[in-house]
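**Student:** Here's the letter readout for the chains.
There are 2 protein chains.
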Amino acid sequence: MARKHSLFSVLSLGFVLAFSSLATARTADPLPSWNDGKARQSIIDFVAKVTKEGLPDFVPPAERIAVFDNDGTLWAEQPMYVQLLFAIDRVKALAPQHPEWKDKEPFASLLKGDVKNALAGGEHAILEIVMETHAGTTTEEFETIVKEWIATARHPTAKRPYTEMVYQPMLELLAYLRANDFKTFIVSGGGIEFMRPWTEEVYGIPPEQVVGSSIKTKLEMQDGKPVLVRLPELDFMDDKQGKPIGINSHIGRRPIAAFGNSDGDLQMLQWTTAGEGPRFALYVHHTDAEREWAYDRDSSIGRLDKGLDEAMAKGWTLVDMKQDWKIIYPAAKK
Amino acid sequence: MARKHSLFSVLSLGFVLAFSSLATARTADPLPSWNDGKARQSIIDFVAKVTKEGLPDFVPPAERIAVFDNDGTLWAEQPMYVQLLFAIDRVKALAPQHPEWKDKEPFASLLKGDVKNALAGGEHAILEIVMETHAGTTTEEFETIVKEWIATARHPTAKRPYTEMVYQPMLELLAYLRANDFKTFIVSGGGIEFMRPWTEEVYGIPPEQVVGSSIKTKLEMQDGKPVLVRLPELDFMDDKQGKPIGINSHIGRRPIAAFGNSDGDLQMLQWTTAGEGPRFALYVHHTDAEREWAYDRDSSIGRLDKGLDEAMAKGWTLVDMKQDWKIIYPAAKK
Numbered sequence: 132m133a134r135k136h137s138l139f140s141v142l143s144l145g146f147v148l149a150f151s152s153l154a155t156a157r158t159a160d161p162l163p164s165w166n167d168g169k170a171r172q173s174i175i176d177f178v179a180k181v182t183k184e185g186l187p188d189f190v191p192p193a194e195r196i197a198v199f200d201n202d203g204t205l206w207a208e209q210p211m212y213v214q215l216l217f218a219i220d221r222v223k224a225l226a227p228q229h230p231e232w233k234d235k236e237p238f239a240s241l242l243k244g245d246v247k248n249a250l251a252g253g254e255h256a257i258l259e260i261v262m263e264t265h266a267g268t269t270t271e272e273f274e275t276i277v278k279e280w281i282a283t284a285r286h287p288t289a290k291r292p293y294t295e296m297v298y299q300p301m302l303e304l305l306a307y308l309r310a311n312d313f314k315t316f317i318v319s320g321g322g323i324e325f326m327r328p329w330t331e332e333v334y335g336i337p338p339e340q341v342v343g344s345s346i347k348t349k350l351e352m353q354d355g356k357p358v359l360v361r362l363p364e365l366d367f368m369d370d371k372q373g374k375p376i377g378i379n380s381h382i383g384r385r386p387i388a389a390f391g392n393s394d395g396d397l398q399m400l401q402w403t404t405a406g407e408g409p410r411f412a413l414y415v416h417h418t419d420a421e422r423e424w425a426y427d428r429d430s431s432i433g434r435l436d437k438g439l440d441e442a443m444a445k446g447w448t449l450v451d452m453k454q455d456w457k458i459i460y461p462a463a464k465k
Numbered sequence: 132m133a134r135k136h137s138l139f140s141v142l143s144l145g146f147v148l149a150f151s152s153l154a155t156a157r158t159a160d161p162l163p164s165w166n167d168g169k170a171r172q173s174i175i176d177f178v179a180k181v182t183k184e185g186l187p188d189f190v191p192p193a194e195r196i197a198v199f200d201n202d203g204t205l206w207a208e209q210p211m212y213v214q215l216l217f218a219i220d221r222v223k224a225l226a227p228q229h230p231e232w233k234d235k236e237p238f239a240s241l242l243k244g245d246v247k248n249a250l251a252g253g254e255h256a257i258l259e260i261v262m263e264t265h266a267g268t269t270t271e272e273f274e275t276i277v278k279e280w281i282a283t284a285r286h287p288t289a290k291r292p293y294t295e296m297v298y299q300p301m302l303e304l305l306a307y308l309r310a311n312d313f314k315t316f317i318v319s320g321g322g323i324e325f326m327r328p329w330t331e332e333v334y335g336i337p338p339e340q341v342v343g344s345s346i347k348t349k350l351e352m353q354d355g356k357p358v359l360v361r362l363p364e365l366d367f368m369d370d371k372q373g374k375p376i377g378i379n380s381h382i383g384r385r386p387i388a389a390f391g392n393s394d395g396d397l398q399m400l401q402w403t404t405a406g407e408g409p410r411f412a413l414y415v416h417h418t419d420a421e422r423e424w425a426y427d428r429d430s431s432i433g434r435l436d437k438g439l440d441e442a443m444a445k446g447w448t449l450v451d452m453k454q455d456w457k458i459i460y461p462a463a464k465k
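First to last, the sequence lines map onto chains A and B. Every position in the first sequence, counted from 1, becomes a number in the numbering used here once 131 is added. Every position in the second sequence, counted from 1, becomes a number in the numbering used here once 131 is added.
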């Protein structure tokens with residue numbers, strides 16, 4: 132009997148611990164970096180109504196799909212997209228192998244440090260920079276290049292690693308949704324293979340839940356081993372109309388919640404909210420010129436114009452970064 | 132104290148139940164439809180070595196990706212691919228809207244019931260049939276069509292629903308891998324949107340873990356709502372060299388285990404086993420003419436020739452369906 136009693140004690144201790152941690156989880160604020168307000172409340176109300184079994188708006192866990200844009204929604208996108216800064220660094224790194232770039236735009240300007248002139252060629256110039264710097268390696272080599280860059284590169288003005296220029300309130304939101312059995316996906320106009328090497332560590336989103344733009348690949352044998360070689364040919368553009376197409380291709384069911392910050396996310400939010408049953412759409416509105424950047428209707432990066440009108444007309448949640456967020460970025464890592 | 136005691140009793144009851152079900156799970160055979168033998172043992176040995184923390188071959192759960200071909204690996208593919216039987220039924224259903232088919236091959240032959248003649252045109256004829264029957268609807272309409280068909284169609288000779296012509300030993304294998312924290316994916320030459328409507332119910336594999344061939348889609352507004360319209364244009368062919376490309380695009384990391392049955396799966400098995408650390412490759416070999424079908428090197432459907440040689444040369448697991456499987460299909464549903 133003594134043995135049985137001691138077993139009981141161990142069991143009861145285990146239960147007390149289990150219950151007390153449950154109690155802590157219940158009472159702890161899941162969104163501590165969000166100020167009280169309409170935006171925060173709309174998130175909590177939506178999660179509450181879709182997770183209560185028996186209520187009319189209940190959604191089974193398998194269907195709790197939430198999609199997030201990346202640039203400007205989960206991390207900063209100013210003064211230009213992080214991936215473009217990566218591509219510019221790659222041009223510099225690859226320049227010794229490309230003597231012809233000295234006389235060829237947009238590379239010549241980039242190598243002289245004149246980014247503005249290099250990008251004057253618009254989308255065509257950007258596409259050329261991306262193709263030259265993102266193709267020509269195997270997928271594994273490219274992954275290594277991205278990992279090394281993201282570990283060492285610093286934001287031009289903030290001087291912090293880009294992985295620390297993610298939005299702390301959005302990290303909490305991702306974790307809160309997952310704690311409520313949502314499956315969280317990134318659906319970004321950015322390159323799928325530029326994001327996958329670090330999204331799991333930074334956002335808790337594994338590679339198979341990242342949807343993005345892509346270039347084609349080709350299977351080849353190198354030294355008797357199969358490799359995938361990245362080709363300088365666009366495969367898929369995951370922006371605007373492309374977002375619902377990418378969601379359909381990669382996820383295969385309609386999300387019930389979508390989070391974006393620009394007109395490039397509008398079709399994703401429309402697609403998400405056009406489904407039956409409870410739906411949630413949220414725009415992050417960049418209103419904080421002091422702690423981050425303030426931009427919307429007239430910005431060339433992350434323009435939010437039509438989307439802002441539609442959000443107001445349809446009653447989507449608008450996050451006012453200045454008002455709604457206590458802090459923007461997480462504390463620096465030691 | 133009385134209250135405390137009764138709480139203890141409840142707790143202890145809960146624990147006894149929990150422990151006893153754990154004990155059952157531990158001792159119950161996870162692969163009851165598999166005969167003892169090399170194939171079964173190789174699976175169990177692989178799972179054991181990658182799941183034991185501290186051992187050199189341990190693989191963290193997030194990286195336990197297992198990919199499965201569908202036709203001939205998870206369900207029967209004779210006398211022809213199920214999706215082709217679906218397409219033929221669709222030709223009949225759509226014929227009233229296409230009076231021109233009466234004089235146009237391959238449709239004319241199909242409508243006369245002469246499948247052999249219709250398919251004499253080879254891949255081109257099949258592609259024409261698939262495009263005419265798989266495009267032109269919205270993605271939601273197509274999902275409904277597939278769901279209705281799969282619920283009512285019967286196999287031409289076995290007279291059973293196709294969803295009951297799945298391999299019981301493979302269902303057990305899928306469940307066994309998932310119980311060991313593997314994430315299971317389908318990577319099939321079949322149409323991604325032909326599989327997704329039923330894979331979750333039949334295999335426990337959700338839509339977002341299905342990779343397959345696809346046609347293009349286009350975002351349109353219909354009655355003020357966004358829809359995705361299916362276009363008669365091939366987007367991606369997920370077969371042979373396409374399988375590693377599809378895996379890279381949809382999953383973004385290399386699987387550690389791959390399961391197939393034909394030369395169309397060879398590149399997937401090569402890609403999987405070319406990674407570092409413990410790897411597992413398995414071919415289902417159709418050897419049972421009585422309970423299923425016997426075919427390999429000379430079959431036009433599911434040919435296993437080069438793959439058979441490579442499996443033997445490299446020591447991959449070969450499942451001899453006749454010897455290794457106690458039963459082929461699950462019992463009929465009531």
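Keep in mind the hints are simulated off the structure, nothing from the lab. Don't take each hint at face value.
In this list, chains with the same sequence are indistinguishable; a pair is considered to hold if it fits within one copy or across any two.
[What the hints assert, rightly or not] Pairs of lysine-lysine residues, derived as BS3-like cross-links and limited to a Cα-Cα distance of at most 25 Å, are as follows:
1) K464 / K437
2) K445 / K290
3) K290 / K453
4) K437 / K349
5) K347 / K371
6) K445 / K356
**Student:** All hints are to be evaluated individually against the structure, with a verdict given for each.
**Tutor:** Structure-based check of each hint:
1. K464 / K437: Answer is neither: 37 Å inside a copy and 52 Å across each miss the 25 Å cutoff.
2. K445 / K290: Cα proximity of K445 and K290: none, with 39 Å in one copy and 51 Å across.
3. K290 / K453: within (22 Å within a copy, 65 Å between copies)
4. K437 / K349: Intra 39 Å, inter 21 Å, cutoff 25 Å: inter-copy only.
5. K347 / K371: Both. Shortest intra-copy (20 Å) and inter-copy (16 Å) distances satisfy the 25 Å Cα cut-off.
6. K445 / K356: Cα proximity of K445 and K356: across copies only (14 Å, versus 53 Å in one copy).
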